[in-house]
Amino acid sequence: MKSLWGVILLLVVTGCSSNVVLSGRQVSNVDPAAIITPESRIRVEAMSSGDSLTQKRYLPQVVQAFQANGFHYVGPLMSKPDFIARFELSSQMVTRDEKAPIYKDIRTGRSTHCYKNKDGEHYCDTDYHVMPYVVGYETIPYSVLEATFRLELVNQDNQVVLHSTSTVENKDCSRWKLYEFLVSNSLQRLDLSAPLDQPFRIEMPETYQCTDDQN
Numbered sequence: 607m608k609s610l611w612g613v614i615l616l617l618v619v620t621g622c623s624s625n626v627v628l629s630g631r632q633v634s635n636v637d638p639a640a641i642i643t644p645e646s647r648i649r650v651e652a653m654s655s656g657d658s659l660t661q662k663r664y665l666p667q668v669v670q671a672f673q674a675n676g677f678h679y680v681g682p683l684m685s686k687p688d689f690i691a692r693f694e695l696s697s698q699m700v701t702r703d704e705k706a707p708i709y710k711d712i713r714t715g716r717s718t719h720c721y722k723n724k725d726g727e728h729y730c731d732t733d734y735h736v737m738p739y740v741v742g743y744e745t746i747p748y749s750v751l752e753a754t755f756r757l758e759l760v761n762q763d764n765q766v767v768l769h770s771t772s773t774v775e776n777k778d779c780s781r782w783k784l785y786e787f788l789v790s791n792s793l794q795r796l797d798l799s800a801p802l803d804q805p806f807r808i809e810m811p812e813t814y815q816c817t818d819d820q821n
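With this note's numbering as the guide, the letters of the sequence shown map in order to residues 607 to 821.
It is possible that part of the hints are untrue.
To be verified - Calculated pairs, EDC-like style, for lysine to aspartate or glutamate (alpha carbon to alpha carbon, straight line, at most 16 Å): (1) 662 - 786; (2) 777 - 704; (3) 686 - 651; (4) 705 - 744; (5) 686 - 645; (6) 777 - 752; (7) 662 - 651.
Unchecked claim - Distance ranges between label pairs, derived from CB positions: (8) 666 - 643: 21 to 27 Å; (9) 794 - 742: 40 to 46 Å; (10) 639 - 749: 15 to 21 Å; (11) 701 - 627: 14 to 20 Å; (12) 722 - 743: 48 to 54 Å; (13) 707 - 735: 19 to 25 Å; (14) 629 - 674: 20 to 26 Å.
Hints were generated in silico from the structure; no laboratory data involved. Glycine is no exception: its CB is placed at the ideal position from the N, C-alpha and C atoms.
Produce the entire structure from the sequences given, and follow the hints as far as they go.
So, in structure tokens, the structure goes:
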């Protein structure tokens, strides 16, 4: 009986959904005088400060993300660009705290069953009904992988006209999956006409694979 209640409480606390949830924040700012349109010619390149192998791997995806959001002239070899889009992907382990309930078994009642043995002697057994109750909470630290996607647009005078920083974290996903998510999600959310400071919490589809066999 006690084990059954433990399973029920676990389902209540964790919820019924097992879908991956990605939480993060995107902050960006843009020069109000900048004119960035779908017709703008944009050359995409990696920032020199990032890991060169990672940047090389995801450069095509950054180009595709621009194209998916309506930009027609984007590429790493774009000649005479109006803007240069520089990006960087990075990750680190950070510590977070979460509150966890503390349970204590409390007697809620009892039942007594009496019987007679073959010698005519009477015996009684008492069963106590026990249920777990929340008696408090404790703070438990845990480690989580935080991935960051930085993007900036510079004009022909090498002046920054837009910069954006997006972060996402998950304690189970591989950094490669988080990078893929950040690139596509950040370009989709990006506002080219006004500053942005937006937290997000996205429940991914049931078929979404959070891990990577190569990691």
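Is residue 686 close enough to residue 645, meaning Cα to Cα at most 16 Å? Cα-Cα ~13 Å, so holds.
That 21 to 27 Å hint for residue 666 and residue 643 (C-beta), does it hold up? holds (23 Å)
For the pair supplied as a hint, residue 662 and residue 786, is the alpha-carbon distance within the 16 Å limit? Holds, because 13 Å separates the two Cα atoms, which is no more than 16 Å.
Quick check: does the Cβ-Cβ distance between residue 794 and residue 742 fall within 40 to 46 Å? Given a distance of about 42 Å, which is inside 40 to 46 Å, the answer is holds.
Holds or violated: are the alpha carbons of residue 777 and residue 752 at most 16 Å from each other? holds (8 Å)
Taken at face value, is the distance from the CA of residue 651 to the CA of residue 686 at most 16 Å? Distance of about 14 Å is within 16 Å: holds.
At the C-beta level, are residue 629 and residue 674 separated by a distance inside 20 to 26 Å? Once the Cβ atoms are compared, 23 Å apart, the range 20 to 26 Å for residue 674 and residue 629 holds.
Is 19 to 25 Å a correct range for the gap between the Cβ atoms of residue 707 and residue 735? holds (21 Å)
Starting from residue 705, check that the Cα of residue 744 is at most 16 Å away, please. holds (6 Å)
16 Å Cα cutoff - pair residue 777, residue 704: With a Cα-Cα distance of about 13 Å, the restraint between residue 777 and residue 704 holds, given a limit of 16 Å.
I want to verify a distance hint. Is the separation of the beta carbons of residue 639 and residue 749 within 15 to 21 Å? violated (43 Å)
Whether the CB-CB distance between residue 722 and residue 743 falls inside 48 to 54 Å: Holds - the Cβ-Cβ distance for residue 722 and residue 743, about 49 Å, lies within 48 to 54 Å.
Hint check: a violation occurs at hint 10 only; the rest are consistent with the structure.
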